[in-house]
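Residue numbers (the numbering used here), protein chains in the order written: chain A, 1 to 306; chain B, 1 to 372.
Treat each hint with caution, since some may be false.
[Unchecked claim] Calculated cross-link-like contacts (lysine to any residue; reagent style SDA-like; alpha-carbon spacing at most 25 angstroms): (1) 74(A) <-> 4(B); (2) 205(B) <-> 107(A); (3) 74(A) <-> 225(B); (4) 181(A) <-> 119(A).
Worth flagging that the hints you see were computed from the coordinates, not collected in a lab.
Treat the numbers as computed from the prediction; the structure is a model and nothing was measured.
So the chains spell out like this:
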Amino acid sequence: MENPSIIVRNISRSYGSVKALDDISFEILKGELFGFIGPDGAGKTTLFRILATLLLPDEGTASVEGLDVVKDFKKIRKILGYMPGRFSLYMDLSVEENLSFYATIFGTTIEENYNLIKDIYRQIEPFKKRKAGQLSGGMKQKLALCCALIHKPAVIFLDEPTTGVDAVSRMEFWEMLRRLKESNITIMVSTPYMDEASLCDRVALIQDGKIMKISKPDEIVADYRHELWAVRSGRFFELLSDLRAYPGIHSVHAFGQAAHVAFDKSGMTAEDLRKYLINNRHKDVVIEEIKPTIEDCFMELMSSEK
Amino acid sequence: MNTILFIIQKEFIQVFRNRMMLPIIFVVPLIQLIILVHATTFEMKNIKVSVIDLDMSSSSRKMISKFEGSPFFIVSHTSFSDKEAQKEMKKGNVDMILHIPYGFERRLVKENTAKVQVIINAINGASAGLINAYSMMIILDFNRELLVEFLSPAMLASTRNINVSTSYWYNPKLNYKTYMVPGILCLLVTIIAFLLSGMNIVREKEIGTIEQINVTPIRKVQFIAGKLLPFWIIALFELAFGLIIGKLLFSIPIIGSLWLIFLSAAVYIFVILGFGLLISTMTNTQQQSMLVSFFFMVIFILMSGLFTSIESMPVWAQNLDRINPIAYFIRIMRMVMLKGSDFHDIRDSFYSLVVYALAIISFAVWRYRKVT
Chain A
1 MENPSIIVRN ISRSYGSVKA LDDISFEILK GELFGFIGPD GAGKTTLFRI LATLLLPDEG
61 TASVEGLDVV KDFKKIRKIL GYMPGRFSLY MDLSVEENLS FYATIFGTTI EENYNLIKDI
121 YRQIEPFKKR KAGQLSGGMK QKLALCCALI HKPAVIFLDE PTTGVDAVSR MEFWEMLRRL
181 KESNITIMVS TPYMDEASLC DRVALIQDGK IMKISKPDEI VADYRHELWA VRSGRFFELL
241 SDLRAYPGIH SVHAFGQAAH VAFDKSGMTA EDLRKYLINN RHKDVVIEEI KPTIEDCFME
301 LMSSEK
Chain B
1 MNTILFIIQK EFIQVFRNRM MLPIIFVVPL IQLIILVHAT TFEMKNIKVS VIDLDMSSSS
61 RKMISKFEGS PFFIVSHTSF SDKEAQKEMK KGNVDMILHI PYGFERRLVK ENTAKVQVII
121 NAINGASAGL INAYSMMIIL DFNRELLVEF LSPAMLASTR NINVSTSYWY NPKLNYKTYM
181 VPGILCLLVT IIAFLLSGMN IVREKEIGTI EQINVTPIRK VQFIAGKLLP FWIIALFELA
241 FGLIIGKLLF SIPIIGSLWL IFLSAAVYIF VILGFGLLIS TMTNTQQQSM LVSFFFMVIF
301 ILMSGLFTSI ESMPVWAQNL DRINPIAYFI RIMRMVMLKG SDFHDIRDSF YSLVVYALAI
361 ISFAVWRYRK VT
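Isolated chain A, as found in the complex (with noise of 0.2 angstroms):
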């Protein structure tokens, strides 16, 4: 179990002048979700398309299965399933003949490996007459998984696929996706959404190209130094410049109708804080202290990198 499914070592890849990735090594073990969760822009579509073979890194190696993603593409184009950030499977076909389009390149059937996307392929299957252009950003994410998965890959990439797609249906997603990890196979996913990392095994934050840290979701919360308080009140804008100038404070970040401040164990009491922010003429001043979310420590991680 514990035997490395996925090894990236010193990875960099350029767009011209742009450095996409810089110099990433990771280790993703069998049977693992690993997510990566970073803004856009940070390098992960890159990373996922040297993982898939799809271009070729400028430096460092990666393997997959113990294959080369350069040297050996071609074995791993047959264990792989890559579910691409954009939506990429034939709009004109009926959700029936994409399933089995990509079941028969792959030199299977629908029926062989029924038992592995029948949770999914059961809830797109009273539409399997429609083409896959009219069905709902939802169910097209499903349907991109089932052809993902039809070949029953050891290794599944996907590439942001919960962008774009309604609240309720990223959550089913997520829940196929932690039961695809009975079937033992390794699932790497990229989400710009924080509050997916913790449904992850473990999660690298990346940005810039870099990564920032890898680690299980409930130690990146751990790991977090300072005390948090969600702050409200009726001025929200003024709310966030006002508490920024408040001295002691380490950093103050919108989330929702909330600021979260941030600020290290000195004493500091709400009391101060709510006067202070009465004093400044705010109204209906609501302090209370909160748990940090990996969102929290993403955002406190990519301000001491900078």
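Take the given structure of chain A and dock chain B to it, following the hints.
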């Protein structure tokens, strides 16, 4: 091998699911043949003539009636003023002015020679040449009749005469349609094969489906074969369909062997598909591919010998035409269909196409990359 079949199957499903595809395959050739064959004729009919008859004699009237009697000319304007006739030509109402000067008949009788003036609108050089040739024929004819009239039979017998008799081979009635249909059939097949193949792979690039295909174990040769064969079949079918229409509507002769026509077409379509494929691999969007294809197609068609004969092009253009696949195919089609040429006669063009097909397809396959 099976993989190729699955790709072909997929392509056919996609082609026929496209609602525009069936009309394009069946209606377009019909309309093109009907319209183009009738429209692109170089025969001149109804040439409008302005007559200035200052002589008003029986001879001059005889000459005018000869023009009126010809199927090519219509006397649409008469006057006694050069200026007026020229104005008509400027307006575009007449194509030619026939000027018969005063004293035409008298000079004919007294001096045995007389002059007429023919002025032709030569904006279109080719048609001006034709108008000139037609009017010369009529005037010569008029001349010959004069000889008969004025000379005694004895004198006529003693005049030496070279009698030229002309017969038109391979197209005895000088039927323009017979000449055009094979060429237009070539165009039809070319357009279908070129555009479909040129748009196809680039379409997968544009939509992004190629990403998914590229990570599968499909080999690029399989992928390309699976992409080209459907269009090869469609284009050959198109040719068969066009030939049937040509036979039924224009009863064009097909003197040579049908097998030879289809054998040449089979090779030729590979050349065109290879061209399309090459453009497909070099462009990233359907729009780019469309524009590049169009650029090549216009040059190839205009230089193909369909409208103007290759022999009358400058030498450099004739040399340039060696890389024009349409020129080879039109030559083969005309030779086989109208002349009944056999393989031996067309072998040079045929082997050129074979070499061309091999070269361009290997180049295109080499250019196509699954990895960037």
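Structure-based check of each hint:
1. 74(A) <-> 4(B): Measuring from Cα to Cα gives roughly 18 angstroms; hence the hint holds.
2. 205(B) <-> 107(A): The given pair, whose Cα atoms are some 24 angstroms apart, holds under the 25 angstroms limit.
3. 74(A) <-> 225(B): 19 angstroms, holds
4. 181(A) <-> 119(A): 13 angstroms, holds
When the structure is compared with the earlier hints, no violation turns up for any of them.
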